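Every letter in the sequence shown is one number past the one before it in this note's numbering, and letter 9, counting from 1, is 9.
Any given hint could turn out to be false.
[Claimed, not checked] Distance condition first, Cα-Cα at most 30 angstroms in a straight line; then the derived DSSO-like pairs of lysine-lysine:
(1) 193 <-> 83
(2) 200 <-> 133
(3) 200 <-> 249
(4) 133 <-> 193
(5) 85 <-> 64
(6) 166 <-> 200
(7) 130 <-> 193
(8) 166 <-> 130
(9) 239 <-> 249
(10) 133 <-> 166
(11) 130 <-> 200
(12) 200 <-> 85
(13) 83 <-> 64
(14) 166 <-> 239
(15) 271 <-> 166
(16) 239 <-> 133
(17) 64 <-> 166
(18) 166 <-> 249
(19) 249 <-> 271
[To be verified] Here are the in silico distance ranges between beta carbons for each label pair:
(20) 9 <-> 239: 46 to 54 angstroms
(21) 9 <-> 116: 29 to 37 angstroms
(22) 116 <-> 4: 20 to 28 angstroms
(23) 136 <-> 194: 19 to 27 angstroms
(24) 251 <-> 95: 21 to 29 angstroms
What the hints contain is simulated information worked out from the structure, not anything from laboratory work. Model, not experiment: these values are computed from the prediction. Each residue gets a CB set at the ideal place from its N, CA and C atoms; glycine is no exception.
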Amino acid sequence: MLYSDLTEAIGHTPMIELRRLNPNPAVRIFAKLEGFNPTGSLKDRIVKYMIERAEASGELTPDKILLEPTSGNTGISLGMFAKIKGYPLRVVMPDNVSSERRELLHAFGVEVFLSPGSEGTNGAIRMAQKMLKEDDRHFMLDQYGNPNNVLAHYETTAGEILEDLKGTVDSIDLFIAGLGTGGTLMGAGRRLKEAFPNMKITAVQPYPKGGLQGLRSLMDGYVPPIFDMSRIDVNEVVKDEDAFRMVKKLAEVEGILGGISSGAVVHRALKAAERMENGVIVTILPDGGWKYLSEQIWTDDVSTVSERFTGPMW
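Using the sequences and the accompanying hints, generate a full structural model.
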């Protein structure tokens, strides 16, 4: 298929039924593989929406410098967009994210500022907000507070899920997604619940100070402005070890190389399936595992990996 640039290749990611890992034959589990987006994560969707709407409103002009706090995926997506559209980009990220993420940002020519890893993404947010105040050339898309983050998932992610499953299932009983910015849960969750009012929405988060890159614990003290807890039916917490174990199983059993947060949401999906008599579960695998190869998740034992991932990664 011919595209004018990579921004046109965003979305329409595969939806896979997890048959081999599924513990309950009366329940069907479907996973949308967002690692198939151009830069390997669902963040391509929200960056496209946020940039295009900021340009259309006149807020984002050619003289601006894009600035964003991120654990990596949003920054990598912004790196692609910045090159295509001609914006300089500065990214603030914790100093303990995977080396692949830093290298990808450098490949796009992004100027990277490192915040203390012990402070997680909360520290990156604080540093970016300080930089924003100090230089009026900066323009922050603010993925944590931007309603277009939610809209991207409402219109594209959920829209694709409904189209993917049309004629395959009559309803969705449970939607499970990780809690990062809250955009996926708020956007895709709302659209799917409009289609299936009896569907439950489950938010997956790590334990406080956990080491699951891409997920955040609300107990760490920061609630994204776009996130509304009242829209969540079930709140599940996942141990680091369980997420890492499931990342390995996804590759070994289903042939899917998913990222760390993918392991967390699939772990909860399988636990939910064990408790259900029957039904349909849909979950989102936010990114691909190739961004985490240096962490040796697939080669080392789970306890060794967990020891390396100490402190908040997001």
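Tested hints:
no., hint, verdict
1, 193 <-> 83, "violated (37 angstroms)"
2, 200 <-> 133, "violated (40 angstroms)"
3, 200 <-> 249, "holds (26 angstroms)"
4, 133 <-> 193, "violated (39 angstroms)"
5, 85 <-> 64, "holds (12 angstroms)"
6, 166 <-> 200, "holds (19 angstroms)"
7, 130 <-> 193, "violated (38 angstroms)"
8, 166 <-> 130, "violated (47 angstroms)"
9, 239 <-> 249, "holds (16 angstroms)"
10, 133 <-> 166, "violated (48 angstroms)"
11, 130 <-> 200, "violated (39 angstroms)"
12, 200 <-> 85, "violated (39 angstroms)"
13, 83 <-> 64, "holds (14 angstroms)"
14, 166 <-> 239, "violated (34 angstroms)"
15, 271 <-> 166, "holds (25 angstroms)"
16, 239 <-> 133, "violated (37 angstroms)"
17, 64 <-> 166, "violated (43 angstroms)"
18, 166 <-> 249, "holds (28 angstroms)"
19, 249 <-> 271, "holds (14 angstroms)"
20, 9 <-> 239: 46 to 54 angstroms, "violated (36 angstroms)"
21, 9 <-> 116: 29 to 37 angstroms, "holds (36 angstroms)"
22, 116 <-> 4: 20 to 28 angstroms, "violated (41 angstroms)"
23, 136 <-> 194: 19 to 27 angstroms, "violated (40 angstroms)"
24, 251 <-> 95: 21 to 29 angstroms, "holds (28 angstroms)"
Hints 1, 2, 4, 7, 8, 10, 11, 12, 14, 16, 17, 20, 22 and 23 from the earlier list are contradicted by this structure; the remaining hints agree with it.
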